[in-house]
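Visitor: Spelled out from the first residue to the last, the chains are:
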Amino acid sequence: MSTGELILGIDLGTTFSLVAYADARGPQVIRDADGEGRVPSVIAFAPDGKVTIGWEARRHAVENPLHTIYSIKRLMGLGIKDLEKELPYLAYRVVPGQRDVIKIDIDGELLTPQEISALILRELKARAEKHFGRPLRKAVITVPAYFDDAQRQATRDAGKLAGLEVVRIVNEPTAAALAYGIGLREVPKQKLRARSLPIGDKAKCTSESDALGGSQAPPDGSIIAVYDLGGGTFDISILRLTGDVFEVISTYGDTHLGGDDFDRAITLLVQREIHEQYGVDIDSPTTRQALRNFSEQVKIRLSTEASASIELDLGDGRVYRRTITRQEFESLTVALVERTINACQQAISDAKVRPEQIGQIVLVGGSTRIPLVRRRVEEYFGRKPYTALNPDEVVALGAAVQGQVLAGERSDALLLDVTPLSLGIETMGGAMGKLILRNTRIPCQATEMFTTFVDGQSNVKINVLQGERELAADCRSLATFDLSGIPPMPAGIPKIEVQFLIDANGILNVTAREQRSGKEASIQVIPSHGLTKDEIRRIEEESIRFAREDMTAHRMIDLRNQVEFDTHKTEQALAKFGHMLPPEERLSLEESIRVLRKLAKSTDDADKLHRALDEFGKMTLNLANLAITESLREDSAEREKVKS
Amino acid sequence: MFARIVNRRGAMSARLRAPPPTAGRRRAECFCETDASSMTDNTLTVMPTKCATCEVLQQAPLVCADCHSLLAHVQGADYFELFGLTRRYHIDEAELNSKYLAISRNIHPDRFGGAGPEMQSFALRASAAINQAYDVLRDPHRRAEYLLESSGGKSSAEDKRVPPDLLGKVMMLREEIEDARAGGDTAALSTMRATIEKDRRAAQQRISDLCAELTANDSDAIKGELRMQLNAMKYLDNLLAQL
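Protein chains in written order, with the working numbering: chain S, 1212 to 1855; chain G, 2 to 244.
By construction, these hints were calculated from the structure, which means they are not laboratory data. Incorrect hints may have been included.
[Unchecked claim] Okay, derived cross-link-like pairs now, SDA-like style, lysine to any residue, Cα gap no bigger than 20 Å in a straight line:
no.	chain 1	residue 1	chain 2	residue 2
1	S	Lys1645	G	Asp136
2	S	Lys1595	S	Gln1556
3	S	Lys1349	G	Phe81
4	G	Lys235	G	Ala203
5	S	Lys1744	G	Asp136
[Claimed, not checked] Chain S stretches covered by chain G per the calculated footprint, using a threshold of three residues with CB under 8 Å from any CB of chain G:
no.	stretch
6	1226-1240
7	1646-1653
Ideal Cβ positions, reconstructed from N, Cα and C, are used throughout, including at glycine.
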């Protein structure tokens, strides 16, 4: 059942994002002219309204800290209360929006994390469209396995705002496992091809020497662990590989644990020491941003070197100088790594397997380059992890393969995933009544009966929760479902059957039916942290309007530049050859230049300016011909002179 | 919250609810046609089968692409029949898993990426139903609960009885666990664990025997006894979790 339509695979990362596609030659990352596949997930808003995304935005982050948005993924689907620990580290401004939604304040313009992520997705979409030379609209987007419903919905909404049809949300470790499994299977073919899976990252990974050549497709029923430590999130997934089926047995993680936190450990050290030495707090947005970049570089250097020297000029002759050793860095970050190991323990216990049963540990995410991470993973699992995959690209490649599966182009792979968190409802007294337990295979369903509390009550509100704690207040509220249209009956008589269905994206769908009347109850969903359907529609409409305005603005700039260029050229020609024109023509041209320049300054009507520019072009035709003839003559005269 | 919840029998209540008797015991027509050929084959090349209702040839044995009528069947079907297994407590877990994978290959929503929204929704619901059945069957306790409830037995919320000597015993053990833990007596704790595990194995055997009897003779007496043993098992499992 091939749809014939290409489905892109997108890894929307905290620090970097990638877009890939898969065809008969295997999955491939779409690269820029320099061969770079990664697009920094950084967006810069210039004061003149210009938006830049990627490397350019990243380079200017320090000069423009309040208008440069990074790590937006860590804010997706969260409320201001969820972010108390995160906010002090951000250089840009975050303000509370309606309900428990947050907004980024860029000089008074308020944008949701969804809209900002949409800008990154738009950039990736454009990159793919440029590569293929045709419009593309379907994509698989990956999310951390431990993302909850609100975070998944926010990601899907971002895709929608970017003009993409998000065919599937896939968990990052699962996508990586797919790329890993397919890669092993295709190893024999791999030798004949240059650029498909698996792509070893030779520069940065010290891979096992026989990792590619010596590996074979894993035996049926073998169990693998995918350890995914990215820029902002951590996931551990345990999978069973049986032929073409990739079955997730359990997953665990932390959506606020990643490379950013390792950078922060260095930042905090530097800030503390500067405070101790000079009694100054360096915490302005500019220094926050500068320290962020700086700490990241120190971290990266310490992955390959035993120490790194730091030097910060604080002005007024004050210079902060020190050498940080890898050992020091490790003692600063060991607690972070232990958190990942604890999560591994939880996932393994949930999977009901023993660590020694795990046949392979696949490392994914840029932060798995940190030597301490590799060492602890190896110690915990008691074996060397598999590092032959490029940890930056493997997720996007897996997403592209899944895109191929969903397009009906390949049927030799099937992902069976699980829901990472238990789903339930708030019961009387504020308890969490679990309906679907964590690590339940998706799609999954649960049915629950509800009734009314007072006579003639026509609606029932249900607070849907996600989390492992016993009290509703300790779990995350996903949404309030307001069932209305219940026929008036005495209290306790209506029987409303509510079905909770988690789909293959890990996203909840709710339907309700009043059983006595057989009436489908209508449900209004009020998401706690996300956008309502109306809000999405409004943003979409606005973005279309803005796109038109943006386009007009762009065209005006081009036209004004053209006016500037043409009038200047004409003036030059007039100065040189004007005496050869009839005086009335010369005067009228001079007048036209003045009029056109005035119009370019005063009008916002691009069409009008375009017409005027065309008109002006026709008027200068005589002069242009004259100028060309004269310069040819001068030119040949010049040559004659040289000859003689 | 304005909602009051009726029929709350703990987290599992919804999933353990017995299907209606008529739908529940109906034979799985379409599925059974593929049963012998494709389901025993682990590598499964999909056998085209006929939908029993509309006779249209189709690839996915549980969802008829044309008339969708099988879906209603999947939603209400007997879990054992869905997997082509004999309705009994003892099952071969490897066989269950390979059948589950074979069915999933056919009905998972990923297989219907290019299909219309209606078909996708059917695949979604059929998959959810299969996953639910699989989760129940592969867990021995839930499997026994299912056998009991789908034979018309009472749920744990409706019938909370336990064997007469159990509650006293559990209370005693609980105190002993607390004392041993307070005193840091790990030897005593491991002895207790061994005792409880022994009791648990006995309960498991009793449940297995009762389930076998239930298939032959579904009298209220056997259902009542099975209910009690399953309730007892929960207490023992909670104790083990405490350890």
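Visitor: If a hint holds in the structure, say so; if it doesn't, say that too.
Guide: Comparing the hints with the structure gives:
At roughly 16 Å between alpha-carbon atoms, Lys1645(S) and Asp136(G) fall within 20 Å of each other, so this suggested pair holds. Between Lys1595(S) and Gln1556(S), the direct Cα distance comes to roughly 17 Å. Compliance with the 20 Å bound is thereby established for this hinted pair. Straight-line distance between C-alpha atoms of Lys1349(S) and Phe81(G) comes to about 39 Å, which puts the hinted pair past the 20 Å bound. Pair hint Lys235(G) plus Ala203(G) holds up; C-alpha atoms about 14 Å apart against a cutoff of 20 Å.
Between Lys1744(S) and Asp136(G) the alpha-carbon distance is near 34 Å, which puts this suggested pair outside the 20 Å criterion. A count of 0 residues in the stretch 1226-1240 of chain S with a Cβ less than 8 Å from any Cβ of chain G is obtained; the coverage claim is therefore unmet, three being the minimum. Beta-carbon proximity to chain G at under 8 Å applies to 5 residues in the stretch 1646-1653 of chain S; the threshold of 3 is reached and the given coverage holds.
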